[in-house]
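Colleague: Letter by letter, the chains look like this.
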Amino acid sequence: MADILQILILGLALGGVYALMGAGLSLVFGVMRIVNLAHPSLIMMGAYVAFWGFRLYGIDPIVMLPVAMVILAATGVLLYKLVFEREAKSAKYSEMTVLLTFAFAMVFEGALATAFTNTQRVTTPDYAVDAIFIGNVFIPLGQLYAGIVSLVLIGALALYLKYSRFGYAIRATTQNREAAELLGVNVNFVGLVSFAIGLALAGAAGALVSFVFSFFPSKHWEWIAILMSLVVLGGMGSILGTVVAAYILSVVAAFVGFFFGATLSTLTFFVALFVVLLVRPQGLFGEKPELA
Amino acid sequence: MSLLTVKNVVAGYGDGPAILNGASVDVQPGKVHCIIGPNGAGKSTLLKAICGMLKIRSGEVTFKGESLKGLRPDQVLRKGICFVPQERALFPKMTVRENLRMGGFSMTDKRLLEKRIDEIEERFPILKERRDQHAGTMSGGQQQTLSMARTMILRPEIVMLDEPSLGLAPKIVQEIFDIIRVMAADGITILIVEQNALMGLRCADWGVVLDLGRTLFEGPAEEVLADPRIREAYLGAKKAA
Amino acid sequence: EIVIGASLPLTGAFSISGAKHDQGYQLCVDLINERGGINGEPVRLITSDNRSDPATAINQYERFINVDQVDAVFGTFSSRLTFPVANILARNGYVHPAPAGGALRIYTQGHQNLFYFQPNAAEYIGSSVTDMIQELIAEEDRPTTAAVVVADDFFANAVEAGLLGLQVIDPADGSVVEDMAPGYLAEAGIEVVYTEKWPEEGFNDWLNLANSVKRSGAELIIALTASAEEAVQVTRALQTVRAEPKMVYYSQGTQAEFLEGTNDASEAILVHTSWHAAAPYEGVLGGQPFSNADFVELYQERYGDFPDEDAAIPFAVCQGIEQAIIGAGSTDNAAMGEWLYARTNEDPVRTILGRFAWDERGLPVDKPFLMAQWNGGELQFVFPTDEFETSPLNHPKDGF
Amino acid sequence: MLEVKGLSKHFGGIRAVDNCSFSAEKGRITALIGPNGAGKTTAFNCISRTMTPTAGEVWLDGERIDHLRPHRITAKGLSRTFQISRNLADMTVLENVICQSKISGWRDLFKPAMSPSEIDKAMAILDFLGITRIAHEDGSNLSYGQKKLMDLAALLMSDPKIILLDEPAGGVNPTLLEEIVGHIRALNDKGMTVLIVEHNMELIMRLSHRVVVMAQGTVIADGTPEEVQKNPAVLEAYLGGALEDAA
Amino acid sequence: MMSSYDTVDQIVAARKAYNETLAQAADRTRVTWLPVLLLVILALFPLMQFVGNYNYPIHLVLYTLMYVTMASGWNILGGFTGYISLGHSVFFAVGGYFAGMILARYGVSTIIMAPVAGLVAGLLGYMIGLITLRVRGPSFIISSLALVMICRILFEKWQFVGGAAGLSLPINDLPVQWAKLPYYYAFLVMAAFGVWVAYRVKHSKFGLGLRAISKDEIKAESAGIDTRFYKVLAFAISAFMFGMAGAVWGEYLTYVRPNIFVHILYFSVWPALMCILGGKGTIAGPVVGAVLIVAFNEFFVATLGASAINILATGLIMALTLMFFPLGLIGTLARYRKLPRALNWD
Ligand SMILES: Nc1ncnc2c1ncn2[C@@H]1O[C@H](COP(=O)(O)OP(=O)(O)OP(=O)(O)O)[C@@H](O)[C@H]1O
Ligand SMILES: Nc1ncnc2c1ncn2[C@@H]1O[C@H](COP(=O)(O)OP(=O)(O)OP(=O)(O)O)[C@@H](O)[C@H]1O
Ligand SMILES: CC(C)C[C@H](N)C(=O)O
Ligand SMILES: [Mg+2]
Ligand SMILES: [Mg+2]
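Residue numbers (this note's numbering), protein chains in the order written: chain A, 1 to 292; chain B, 1 to 241; chain C, 1 to 400; chain D, 1 to 247; chain E, 1 to 346.
Think of the hints as simulated: they come from the structure by calculation, not from any bench.
No residue lacks a Cβ here, since even glycine has one placed at the ideal position from N, Cα and C.
All the pointers check out, no bait thrown in.
Capping the alpha-carbon separation at 35 Å, the derived lysine-lysine pairs in DSBU-like fashion look like this:
1. E:Lys16 <-> D:Lys190
2. B:Lys31 <-> E:Lys16
3. B:Lys55 <-> E:Lys16
4. E:Lys215 <-> E:Lys16
5. B:Lys93 <-> A:Lys81
6. D:Lys26 <-> D:Lys190
7. D:Lys26 <-> D:Lys76
8. B:Lys7 <-> B:Lys64
9. B:Lys55 <-> E:Lys215
10. D:Lys111 <-> E:Lys215
11. B:Lys55 <-> E:Lys338
12. E:Lys16 <-> B:Lys7
13. A:Lys81 <-> B:Lys64
14. E:Lys215 <-> D:Lys5
15. A:Lys81 <-> B:Lys7
16. D:Lys121 <-> E:Lys338
17. D:Lys102 <-> E:Lys16
18. A:Lys162 <-> B:Lys110
19. B:Lys55 <-> B:Lys7
20. D:Lys26 <-> E:Lys215
21. E:Lys215 <-> D:Lys190
22. D:Lys26 <-> D:Lys5
23. D:Lys5 <-> D:Lys190
24. D:Lys26 <-> D:Lys230
25. B:Lys55 <-> A:Lys81
26. D:Lys230 <-> D:Lys5
27. B:Lys115 <-> B:Lys64
28. B:Lys93 <-> E:Lys215
29. E:Lys338 <-> A:Lys81
30. B:Lys79 <-> B:Lys7
31. E:Lys16 <-> B:Lys69
32. E:Lys338 <-> B:Lys69
33. D:Lys102 <-> E:Lys215
34. B:Lys69 <-> A:Lys81
So the derived list for chain A, only partly shown, Cβ under 10 Å to chain C, looks like this:
35. Asn118
36. Gln120
37. Ala128
38. Pro140
Let the sequences and hints guide you as you build the complete structure.
Modeller: Shown next as structure tokens:
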């Protein structure tokens, strides 16, 4: 019983991190129909911000989190202005952006690796290797903090989208870009801001990841497929779906790992994706497609 | 004095060929204007060019003496020109009330917005009845009512409607044109594009025939309606026997 | 001018070791040039980065051979990359000095040009661990149970095969390359209570793994990783779950980066190594004696850091090739290969890793691995005790 | 002859089509009318199986077809157009049309598509509809009405026995509409069964032999145009005061 | 009333003239001499071995030809049908493993087994397609990424084929100078076959159906096209090409291993990128793309080494091309009617 509880806790702990990693991706897809394959490499960038803050000045990664968010948001603004703003007008937009962001994933990877080498890094605040023990069940502190921060950020984002004026604009743009434009929403600005928010979330996720996982620039490939699975599973563009999928799958993966071995546990995400494609192609929270 | 002047506008999609080749329209305040023309003449294109969705390559669009060229749709809207496109421009997963609220997105005064919404709901009871229903699940006619009602929230000076009667049942078509008259009576200037040309022109004060990307005829609606050339070329009347 | 090519994993999963291999090769080549080159000819080293990717490594050796027309090559790092590279070097008849490619299967393919510059094949490493336990630890203090966790990597799997007594099979024809049964742990009377293998890429759930290791209650934790990076991950996870083993042995983790990533948690962790700064080996360079101590000194002078085995092994490779060229009198690779094969324990290749002579497979004869232990932030040499001076073994380990 | 029995299609709580039965007789023009949201398009979708019906049966010439995939139904001789014209961008009108030609068996699949015989047939149809001029124009660069005609041409390419037209007149210029009406009638004269959805009452009254009226997913009236016109339920639900106008 | 026309006939005439300016038939002259000439030149190229060491150029041409095979295959699914797969390395690996194991166990050359390996890959593609082709757009792309992950892990787990350590294959016993030639000619034949298949498919009814599917699946289905079968068949054909290429590549490399063969960048993304760079849906596009990408890569390797900067540069080139040549080189040039006739192979 303690075992089961323990695995559940470990699964949930990882789930929190994946949830935040996936949330930004989902937001950007939802609003802009960009499948941002560069998202994991941007998370990596956030992780490096936190890493160097810690390494050079001893700043705690959680304290560095806002800095990472700002830097990444700025990157987002730049990227949007230079690339996606003009891309948005192209006819093959959706599939074009997949390939384009793939290219940028390579650019960021190359840039990070050139700047920081491909040496594996991890920030080492004390809590990252600490845990709270309750009887013989433990809660890893690093992941607990990461999970809490992630929930706070996702919650704030959800509230913002639901109630703020700008949130309205974002939701409206998601549902009908042209109509929003005609009602006085500067859709380009909405795109810009949501892209920046999405990337800020990547920055935040990066700061948290920096002490939960070890990382090096080319590691983002390992994250891409996992995060993408979450987004499809949750239903493309549904942030809630992504978060729920992140938690469910992390827990399932933890159990699979425990009962069937580590190798199969990494398979969980992808096999789940295929099962979902078979039984519910639109994902947990997605819209049913027109043709059955 | 005309409220909105479109003069020799040339415009097209992307870097494709010019679709409009010198279209001109004079919009008089408080009147209903109806643009007719064959399919592919560029009627929708003209409205899109006015509201800033398309780049105007040459020619002039002036609103109260100010040029609208180069403005974004949201900026044109703020000037007081509202456009309801051919495909109903609703937010399908927002409720009716949220849709109305989006209509006033560019308003800063929240209380005024709520007041206007209440007024609109008074005038169109169906919207009050369905206020919490998702717009996407309403019937075509209801959706059209909603999108037109929504434009009235801003009290714009000009409303441009692209084929408001398209695909609507005869009973609803009647209602839609009634609403247009109501809006006009409220002092809103109206510019509609209609294929249901008979009804459109009957409802209008001023008629415009757009073809080949240009304005071919322009005049009081009754005159346009009565012109035998127009009747045959555009209104489907058999060759005068 | 003698041109030598080396493709190394400067980036990617093996970047730490790869970068140090680069330093080792470079330092050696520079020292040779300072000493007047080989047979009076200056040496030029071309290195390229294969991103830890085997296909890229193959392609880069193709380029060395056909485009750069190098006179000789140095091997690359890790079994994973060495295995495919061995084929192409064999086809082109180049002497293949391997700095890191311990898996037995590399040496059982019948290549005639292969020379391993580490003590022994990976399958046999486990014996150093159990020998040490039996020689240094009193009967009642010895660990009786073990948990073995392994990266799914060519090298790590090989070490695992030795420890657990598995069959090494060539999947090509299904033949048994070597049957390691019953395995060093079984021979030493240590019961394996938990095993787990994680995939080479995409594995993140270290805590779950560490938790299972802890739950198994094993007294000896063996973590076989292919890189120092993974060793850091395992250690941090074990620390988080507060595992309480008596003894911990890793297949990787001699590097300063390991210490940096783990800090106090490194205490009393055992790692096998091919090289140690304290080993009083005498080698040759540029025709003159060149001792291990010289290497440590010159390395520090050049790079500022203290060297580790990942810099020392390639240095030895370079020494070996130098001696082969001198011995053969030219860069005729066939002659160099013959000369190297002719080495015996009495007339060996002399390097900072000690003496090398090879059997017909290309594996060194009579060279046991060294065991080292992290104590107080320092990697101490603890076993074997018969050859050189050692530090005392810190046992039992006081948990994490 | 097409027969729909007890057809239902529900979207969550919305009963778009609810236990609806009607039929289209061979060689005649049957009109399906009704207020917006009555479920006409949904019924079409269920018949041509681009949507899976919740319940009910569809029979074509004594054969049940509601379990078949759409292309099989097309192969059985039932073709349809879409209310919102679906055209294939980046393909010429000719390709759009030929794309719809029948394919029989494996070997046919790898035969050249634009064979002279196919092109001749397609051009003949385009000629019949008077749009040969745009044969090489990109399918997406057409005006609304031309798209409707192209749809009709593509429809004919598959030699259908019965065609389902969803608002062929919507958004079409009145002059062009006259042409379309002429074409539909000509087809019917050649023995083709037609089921048509339209809001243009004047056209319906002129064209159809029989009118089925739907409201809220069910059939509320069924009869000749004259009968239906007088039906008070239809007047109430659908026509309002519009009839005098059309007359 | 203002007006420029007096009678209806004038209006009708004017409209007719206006419409005629819009419609113009596309330029449909294709070129066959260039591909044939290329084929001849490439067939004779290895004779250069008599005058010097051209091993590396031969390697490069061989490498390019392999990519032509794959990119042409990818084109059938990604270019004609509009399903962007970033997971075709799976079929490359399946072909490689299948033929590799047969070579290792029974000594049958992969060159002979290549078509069989292709069929195995194609069959697997057919079955996978039945699942993944149920979704389209971004979901499909992501499912293809997941496919790569699953396949890699399964191969790593499968000890019979060597697990993570992989499978080493025997070296042929030709002299170094000629050792590459069997593979060179094998890839030459496969590349020519790939281009020919793409051409045939494009002009068949099947190809027209695929193009319809890529534009609007519902429309295609109700036009009487068995979309599910067409899509899956396209998937299988493209998988076939990858399987064949993988088979021979395994023997050429003498090493088959999950991480080499299921490599997402080299064998999934590159073929896709080549196709898109050259021009999706065109016949010459994949060929042009393959030549360009291999050349770029070689240039970077030669100037920058295979370092991180190389990745950066590749990414940048890819991004710039996508931004400025969204239809690929062939597609964009054709769009602006600047395509040299020699490159119109359609
Ligand atoms: N998005 C677009 N891209 C390129 N060309 C377009 C686009 N939309 C319309 N066109 C072209 O512009 C021309 C005019 O189209 P427009 O929609 O303005 O016609 P319209 O007068 O509104 O016709 P209808 O009555 O059928 O709606 C047509 O020839 C059409 O092919
Ligand atoms: N995909 C869908 N999801 C949910 N509801 C739907 C969907 N499609 C149609 N509906 C609903 O089903 C009902 C019937 O719609 P349908 O399009 O069949 O009407 P119609 O008779 O064709 O109307 P119109 O004359 O306006 O075209 C409407 O209430 C509509 O909102
Ligand atoms: C550093 C080493 C011990 C590596 C090992 N020789 C290998 O084959 O991968
Ligand atoms: Mg229009
Ligand atoms: Mg309908």
